[in-house]
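Taken in order, these protein sequences are the chains called A and B.
Heads up: the first sequence is residues 1 to 161, going by the working numbering.
Heads up: the second sequence is residues 162 to 329, going by the working numbering.
Here are the computed lysine to any residue pairs in the SDA-like style, where the Cα-Cα straight-line distance is at most 20 Å:
1) 12(A) with 126(A)
2) 12(A) with 187(B)
3) 243(B) with 67(A)
4) 12(A) with 45(A)
5) 126(A) with 189(B)
6) 12(A) with 186(B)
7) 126(A) with 188(B)
8) 126(A) with 201(B)
9) 81(A) with 183(B)
10) 179(B) with 135(A)
11) 126(A) with 198(B)
12) 243(B) with 21(A)
13) 126(A) with 205(B)
14) 126(A) with 7(A)
15) 179(B) with 147(A)
16) 179(B) with 139(A)
17) 179(B) with 138(A)
18) 201(B) with 36(A)
19) 81(A) with 142(A)
20) 201(B) with 122(A)
21) 126(A) with 190(B)
Pair ranges (Cβ atoms, derived):
22) 289(B) with 134(A): 48 to 56 Å
23) 320(B) with 140(A): 45 to 53 Å
24) 189(B) with 122(A): 17 to 25 Å
25) 147(A) with 183(B): 18 to 26 Å
26) 183(B) with 101(A): 29 to 37 Å
27) 149(A) with 181(B): 20 to 28 Å
28) 79(A) with 174(B): 15 to 23 Å
29) 315(B) with 100(A): 29 to 37 Å
30) 178(B) with 97(A): 25 to 33 Å
Here are some of the chain B residues that sit facing chain A, going by a computed Cβ distance under 10 Å:
31) 179
32) 184
33) 196
34) 198
35) 249
To be clear, the hints were calculated from the coordinates, so they are not data collected in a lab.
Values in this document were obtained by computation on a predicted structure and should not be read as measured data.
Note that beta-carbon positions come from the ideal geometry of N, C-alpha and C, so glycine has one too.
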Amino acid sequence: MMEYSPDYSNLKVLIADDMSFWRTLMRNFVDALGVRQVRSVESARKAWDMVCEFQPHILICDWQMLDGEGIELLRMVRHSKDSPNRFMNVMMVTAFNEEHRVRQALREGVNCYLTKPMTAQDFLRKFAHCAEDRRPFESTPSYLGPQRSPEIVESDDLVFV
Amino acid sequence: MSQNPPPASKRAPATLIKVPASSRPPVGRTGSVTLEAALKRAEASVAAIVETHRAGLVEIISDLGKVTMGASDPIEPDNAAKLLAVANDLRGVAVPLGLPLVGEIANVICDVVQRFRVGTTGAGPLVQMLYHALRQAYEAVGRGDRLQHEAEIRQLLKELRAKIAASV
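So that you can see chain A by itself, here it is in the shape it has in the complex (with noise of 0.2 Å):
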């Protein structure tokens, strides 16, 4: 448990999620965390409009949507021309748990990996771990994200270069 006291109180942030279970369950997380400035929306591409539009400073997203994919949405945090912030803390939280889906939200640069179902407690360690990521980000030809240790980058290339 950490000692310090996070303030959360400024943080903006996005949730995206087809279930409106999840998504107020997810806004009640934040809320209790206390966090003031929360949206949230049931599909991809409302999401990027919101993206766009509030310009959060951390994005949760489900996987599997209505209308697309959050893997996309990330894509498109980190590489459109139209991304507000491709600098943007990205926390995926779906019910996929299979490792491709896992190391492919790593290529894809995501800052945050989390498997439904889970509880309160994960979540809120998860939530204060991608709010708080400091890494800088790593540039290459495939890849913009936050810098990767060498053993994901190693381990990515044996699978899938």
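Fit chain B to the given chain A structure using the hints.
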């Protein structure tokens, strides 16, 4: 796709970019909410919304019922995809709602559908049995006699898992 990665010295060099402070989440260090306090508050908020979301859970279970009742044997690919999607939703929702047994049943449903989706027979009846277990589990929770039913359902899940294992 090659399985042999280029040596580290031949890979494109990575450029490190210092992220401007204005692009970072503005997290202070003197807030009044400790992570521990926030955690407790968030957990309480979960308990508070459980009731609100019971209706949502019933709806998901009912959706599952519609799909399972129409489950052919072997399960058709379209049906399998629907079944998997609903069972996944259910699995995701059950644990935060404090219904781990429902989550476990949903897990077994996912297993059944994934293992049998190639078109072998035997999945339809299994899925229907699971749906009955699910209803029983959910109703038992509603009646507050969870333990008695939990034992029966766990036994059923054990048998089903054995069948799934034997079928592969």
